[in-house]
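Student: One-letter residues, chain by chain:
There are 2 protein chains.
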Amino acid sequence: MIYLDNSATSYPKPQSVIRAVEFCLKNLSANPGRSGHKASLAASHALEQARLTAAELLSANRDDVFFMLNCTDALSCAIFGLLKPGDHVITTVFEHNSVLRPLEMLRKQDKITFDCALPGPDGRITAGTIDALRRKNTAMVIVNHISNVCGVKCETEEIYGYCMQNGIVFCLDAAQSAGCETLRADMADIICMPGHKGLLGPMGSGLMYIAPDVNVLPLRVGGTGSQSESLDQPVFRPDRYESGTQALPAIIGLEAGIKTVMGHEEEICRREKRLAQLLTDGLESIKGVNVLSPHKVQSGVVLFNVRDIDSRRISYLLDRDFDIATRAGYHCAPLAHKYLGTMSQGGVRASVGYANSAEDICAAVAAVEAIARSE
Amino acid sequence: MIYLDNSATSYPKPQSVIRAVEFCLKNLSANPGRSGHKASLAASHALEQARLTAAELLSANRDDVFFMLNCTDALSCAIFGLLKPGDHVITTVFEHNSVLRPLEMLRKQDKITFDCALPGPDGRITAGTIDALRRKNTAMVIVNHISNVCGVKCETEEIYGYCMQNGIVFCLDAAQSAGCETLRADMADIICMPGHKGLLGPMGSGLMYIAPDVNVLPLRVGGTGSQSESLDQPVFRPDRYESGTQALPAIIGLEAGIKTVMGHEEEICRREKRLAQLLTDGLESIKGVNVLSPHKVQSGVVLFNVRDIDSRRISYLLDRDFDIATRAGYHCAPLAHKYLGTMSQGGVRASVGYANSAEDICAAVAAVEAIARSE
Chain A
0 MIYLDNSATS YPKPQSVIRA VEFCLKNLSA NPGRSGHKAS LAASHALEQA RLTAAELLSA
60 NRDDVFFMLN CTDALSCAIF GLLKPGDHVI TTVFEHNSVL RPLEMLRKQD KITFDCALPG
120 PDGRITAGTI DALRRKNTAM VIVNHISNVC GVKCETEEIY GYCMQNGIVF CLDAAQSAGC
180 ETLRADMADI ICMPGHKGLL GPMGSGLMYI APDVNVLPLR VGGTGSQSES LDQPVFRPDR
240 YESGTQALPA IIGLEAGIKT VMGHEEEICR REKRLAQLLT DGLESIKGVN VLSPHKVQSG
300 VVLFNVRDID SRRISYLLDR DFDIATRAGY HCAPLAHKYL GTMSQGGVRA SVGYANSAED
360 ICAAVAAVEA IARSE
Chain B
0 MIYLDNSATS YPKPQSVIRA VEFCLKNLSA NPGRSGHKAS LAASHALEQA RLTAAELLSA
60 NRDDVFFMLN CTDALSCAIF GLLKPGDHVI TTVFEHNSVL RPLEMLRKQD KITFDCALPG
120 PDGRITAGTI DALRRKNTAM VIVNHISNVC GVKCETEEIY GYCMQNGIVF CLDAAQSAGC
180 ETLRADMADI ICMPGHKGLL GPMGSGLMYI APDVNVLPLR VGGTGSQSES LDQPVFRPDR
240 YESGTQALPA IIGLEAGIKT VMGHEEEICR REKRLAQLLT DGLESIKGVN VLSPHKVQSG
300 VVLFNVRDID SRRISYLLDR DFDIATRAGY HCAPLAHKYL GTMSQGGVRA SVGYANSAED
360 ICAAVAAVEA IARSE
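Residue numbers (numbering that gives the first Met the number 0), protein chains in the order written: chain A, 0 to 374; chain B, 0 to 374.
Hint data in this document are derived by calculation from the structure and do not stem from the laboratory.
On a predicted model such as this, the values are computed, not experimentally measured, just so you know.
All C-beta atoms, glycine included, are put in the ideal place defined by N, C-alpha and C.
Don't take each hint at face value.
[Unchecked claim] Pairs of lysine to aspartate or glutamate residues, derived as EDC-like cross-links and limited to a Cα-Cα distance of at most 16 Å, are as follows:
no., chain 1, residue 1, chain 2, residue 2
1, B, Lys-107, A, Asp-231
2, A, Lys-295, A, Glu-21
3, A, Lys-337, B, Glu-228
4, A, Lys-37, B, Glu-228
5, B, Lys-37, A, Asp-231
6, B, Lys-337, A, Glu-154
7, A, Lys-295, A, Asp-309
8, A, Lys-286, A, Asp-307
9, A, Lys-37, B, Asp-320
[As the list claims (entries may be wrong)] Here chain B is said to cover these stretches of chain A; the calculated rule only asks that three of the stretch's residues, wherever they fall, bring their Cβ under 8 Å from a Cβ of chain B:
no., segment
10, 37-51
11, 269-278
[Stated by the list, open to error] Now the in silico label distances, taken between C-beta atoms and shown as ranges:
no., chain 1, residue 1, chain 2, residue 2, range
12, A, Ala-131, B, Thr-112, 39 to 47 Å
13, A, Glu-228, B, Thr-125, 54 to 62 Å
14, A, Phe-22, B, Asn-60, 55 to 63 Å
15, A, Glu-266, B, Ile-308, 55 to 63 Å
16, B, Gly-262, A, Glu-283, 56 to 64 Å
Please model the complete structure; the sequences and the hints are all you need to start from.
Tutor: The following block contains the structure:
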């Protein structure tokens, strides 16, 4: 199989990740942070090491980094936990349903309002495009770092500066960038990340950073193993955001994934962009193929269609006849497809990862060419 | 090590569980329900098989069983997702902070009120003890099936009958009973379960059942891989409650755990109770030991203290000198300790599991005897 669906989850997982999960299941099977016996303390120690690794990845304090179920879990926590009745939110047309659906739910409950920024003439979301939508009650700006549909990268530095100047909380959805771009705690007030994409951890792992001065209610509330005698959720971190038994095998696996990529993000980014550029150039040379992502790639995500053929048909043929894994349809991001004009046929997304080679890309280009010719 | 901390998490995990997680990481690494290629379809198929297994465990429809991060995740979903401003809740003094803290948070926000039932003279929570607290606006009754502090079992059948007669939603916290007691969908409107305790799955797995006619808002909202073109969370199940990438390795591991226990719950329950009774009888024979759980055990959980010595000291000595793992303190259930009169010293909890033997229990009794003599 040629796997070009890394935006859904990275594949294959490094051996170190698989071994770490196995090690945890066999040797760290007690509940961390609950009991005082050696087995529980060993699990707590391992959890703490994983937290320090995650904090190092983000240049963050260990108190401000939380383990979550997935990126959606982190985004729901950010949105439901921060917003108050009457708030206004600015987000973008590139957002995933993990941002749009919580906002739409709150809007339908008459709690908040929100607007979606369109990109400027260069196809990017900037502080200017955000500012045009600003209201007096704008409390939060949420943007995805890299679009999971067309791979466009947003100007986070400029947007965060704008938000800081205007007292607006800036939340970064790093679903596609974590592990493929250098992320730092000083890039946003809140950063939400999956563990199983660019960070190469197992499915069932996610990370969240919340700046110390930002007050977000936790999504889950309950036992933390701390202040057991109190009916109040602890206000100190990380306990405030981590209730219930931790997903230790997934977390230990994620730690191994982070260690694989940490410090190499720029190299990974360059490599993935080089392959994505090769794919884009190849696809653009095929008659009938329409590349919908930028000509000069900004990430490893490439979106295309073949004439007006349903994207699912193309993705199906790539899988059936060439064993090439891509994802068709709307990629849980309907407004991005509306903006790109692909609401009728969706798009074929090829997303490269750390394990892909130029050979994979050439095979994919040849396969699309053959399909474009025969269909 | 003699592991008597199964109420925190079961140990060791069966080989079949470890192998299932490994298999998933190596062979089912694509994202289920997202793409149409063979690898994603294989992952979707595996997820569906796991759901069917979980549904079979509960004699439930596959649409009504949801995979969660842990039991706390499920309970937060039930409490935050069901209750409306003005509602009243009846729960019990035996509850875990995973129930009490969400309720207390809502109470402090002036959204709800709640009362905690005390057990009757026989030490049990019954419909009568619940009814005494009923108000016109009582919308929900939440009880734990088996106390994680002292192992008392509640009369679920009687309570659910009472709730049905009075139009109150009955939520069962099966944290300690899942895998050790037969659970059926017709036992409650909502059942919340950890995957990693009696069901023998990995930490990072949980299950939730919601009856078809009970309307609970999801805790997480976002991408489901379904109705991608819509900004509204799907209302159909199970998608409504499962947003973001599934924790597939944990779920596949949980499935293997469920298969180990399913159909054997009564046998497991008998065995654990026999060992817990042996432990109780042994501890009661030691001078200075005060057993706080019922003389005639109702589950595998036994709570005790040695004179007025801090429970953490006893648990520490059991670990240090005898390599016996127990849990001291308050077990995230402060009101239970208040009721038992152990708020000053906490309690030592020994919780037996499927892997314990009579030899383990005899060694534990001898160890407590030695500590009681020397301290």
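Student: For every hint, state whether the structure bears it out.
Tutor: Against the structure, the hints:
Between Lys-107 of chain B and Asp-231 of chain A, the direct Cα distance comes to roughly 10 Å. Compliance with the 16 Å bound is thereby established for this hinted pair. The hinted pair formed by Lys-295 of chain A and Glu-21 of chain A fails the criterion: a straight-line CA distance of about 41 Å is larger than 16 Å. A C-alpha spacing of about 9 Å is found between Lys-337 of chain A and Glu-228 of chain B, which places the hinted pair at or below 16 Å, so the restraint holds. For the hint linking Lys-37 of chain A to Glu-228 of chain B, the alpha-carbon distance of about 51 Å lies beyond 16 Å, and the restraint is violated.
At roughly 47 Å between alpha-carbon atoms, Lys-37 of chain B and Asp-231 of chain A are farther apart than 16 Å, so this suggested pair is violated. With a C-alpha separation of about 55 Å, the suggested pairing of Lys-337 of chain B with Glu-154 of chain A is violated against the 16 Å cut-off. For the suggested pair Lys-295 of chain A and Asp-309 of chain A, the alpha carbons sit about 25 Å apart, so the restraint of at most 16 Å is broken. Taken as a hint, the Lys-286 of chain A and Asp-307 of chain A pair is honoured in the structure, with Cα atoms around 13 Å apart against an allowance of 16 Å.
Only pairs whose Cα atoms come within 16 Å are accepted, and Lys-37 of chain A paired with Asp-320 of chain B is accepted, the gap being roughly 11 Å. Only residues whose C-beta sits within less than 8 Å of a C-beta in chain B count toward coverage, and the segment 37-51 of chain A has 3 of them, enough to reach three; the restraint holds. For the segment 269-278 of chain A, the stated coverage by chain B is violated: 0 residues have a C-beta nearer than 8 Å to a C-beta of that chain, whereas at least 3 were required. Judged by the Cβ atoms, the range 39 to 47 Å given for Ala-131 of chain A and Thr-112 of chain B holds: they are separated by roughly 45 Å.
Between Glu-228 of chain A and Thr-125 of chain B, the C-beta spacing of about 27 Å breaks the proposed range 54 to 62 Å. Take Phe-22 of chain A and Asn-60 of chain B: their Cβ atoms lie about 38 Å apart, and the range 55 to 63 Å is violated. Separated by about 58 Å at the C-beta atoms, Glu-266 of chain A and Ile-308 of chain B satisfy the suggested range of 55 to 63 Å. The beta-carbon spacing between Gly-262 of chain B and Glu-283 of chain A, approximately 59 Å, falls within the hinted interval of 56 to 64 Å.
Of the hints listed earlier, those the structure fails to meet are numbers 2, 4, 5, 6, 7, 11, 13 and 14, in rising order.
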